[in-house]
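Chains as they are written, first to last, in our numbering: chain A, -6 to 250; chain B, 121 to 379.
Each computed EDC-like pair below joins lysine to aspartate or glutamate, with the alpha-carbon atoms no more than 16 Å apart:
1. K196(B) <-> D129(A)
2. K196(B) <-> D121(A)
3. K196(B) <-> E179(B)
4. K141(B) <-> E341(B)
5. K331(B) <-> E155(B)
6. K331(B) <-> E291(B)
Simulated restraints on C-beta separations:
7. E314(B) <-> M11(A): 46 to 54 Å
8. R330(B) <-> M(-6)(A): 50 to 58 Å
9. R330(B) <-> V15(A): 49 to 57 Å
I should point out that these hints are in silico values taken from the structure, not numbers from a laboratory.
We treat Cβ as the ideally placed atom computed from N, Cα and C, and that holds for glycine.
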Amino acid sequence: MNPLAAIGRAFLALLEAMGRLVLFAGVAVSHIVRPPFYPRVLLRQMVDIGYYSLPVVALTTLFSGMVLALQSHTGFARFSAEGAVAGVVSLAITRELAPVLAGLMVAGRVGASMAAELGTMRVTEQIDALSTLSTDPMKYLVAPRILAGFAMLPLLVLVGDIIGIFGGYIVGIYKLDFAPAAYIDQTWQFVEVRDVATGLVKAAVFGFLVSLMGCYHGYRSEGGAQGVGRAATDAVVSSAILILVFNYIITELFFAK
Amino acid sequence: MSGPGEPKIRIRGLHKAFGAKNVLRGVDLDVGAGESVVVIGGSGTGKSVTVKCALGLVEPDSGSILIDGVESVGLKGAAREAVNARMGMLFQGGALFDSLSVWENVAFGLVAAGQKTRGEAKPVALDSLAQVGLGPEVGELMPAELSGGMQKRVALARAIAARPDIIFFDEPTTGLDPIMADVINDLIVECVRELGATALSITHDMASARKIADRIAMLHEGRIVWSGPVSEIDGSGDPHVDQFIHGRATGPIRMAVRR
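Turn these sequences into a full structure, and let the hints guide you.
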């Protein structure tokens, strides 16, 4: 076998897959802005993505904030710079940890569930049934999920920001003996609107990506139960990779000198 | 509407391949207005693909499907939705939407097509459920709470709710016990007659085919090899039909089996 041919085939297959994904995303986004709209479906998805993901995002950011306070205190103590703990916690949470961790948690919870639900609908002919009932499945199933992911992840991250900073505060006050007023004052001094806004922009992009990958893999699922399982796995893995890649790209865009 | 003597559905030279596998190799089939045609044939002969082509769920490689004299192959978007709005489909597994209650499933097409609001569609859905022998209390249940036979009935109610001109039935009795299968067959005959609809069914259940068909067509290796009135099927003289209706392992139909 010619290794160059194999590399070429793999590259062409990659381009083909990227093309399919971009076309899928384009069609889905075009359906978001074109009537008819399905507000009940959208509301259900917003509740599912936003409300039901709240506990997992809250726990993740809470403990991340607490660990961050402990670790940064250990590090900064070597340079007698313990006072920077509050600032480091708040910057790290708002800029990076809350959006990335919330994105990854939602990818695991919602992305997999979307892929499994749409995959099951595909293999049980429910998607075909939608088409025969004068309903475009892309408009009814995919567009509301992508819009809900895009809209709800920033809200989740906003809550995650507050809880993560609160986690750092708890450790700072009860474990590291910071004065409450001083800790809060330092947090306010370090955090700027831009830091929070960047995190929210990241969250919106991650929400879009998680929903897109969940819908894409579920919608194209084939091969029965095994295919549905594969779709769920592919949705989570591809979402996680894209979240980390886009996290770098957005950080580069906003913060590179 | 189809003109005098013009079939409601006219399929000509329908070809479809999936990769190297040629599933349809030139299907020709006419279904007259108000007629009930059943396509029989073994598994993998292309029965479902033929119906899916007619519904626009699968794009044929070539060929023509005229509905009321109008070409439906290649229709997209609103044009396809307009054609599909006049059709009903009973899927093999029912294909009920898990996340919606039974009445919402039945009313789905009415609301989606903009014919009715949710409030207006509910009584129509309950009427359709009554037509298939299900009470209004069933309407509030979720599909997962129903038995296989009841799911088939709900799927039938959904297929007829919008009072379509054309109804497709994909293996309507698969997975049902013989008594429930007969109940479904009776309901299909009753509903199609009451609506005055044209019906195209696919099945390999000969009892079902004999009960619901005016005419039977035999599909083998992607082509219609015999077609005629149901009363003539036993004396068709076609070896494929003979082998199929008697369920013999030997004959011109070779199944892909490994020993």
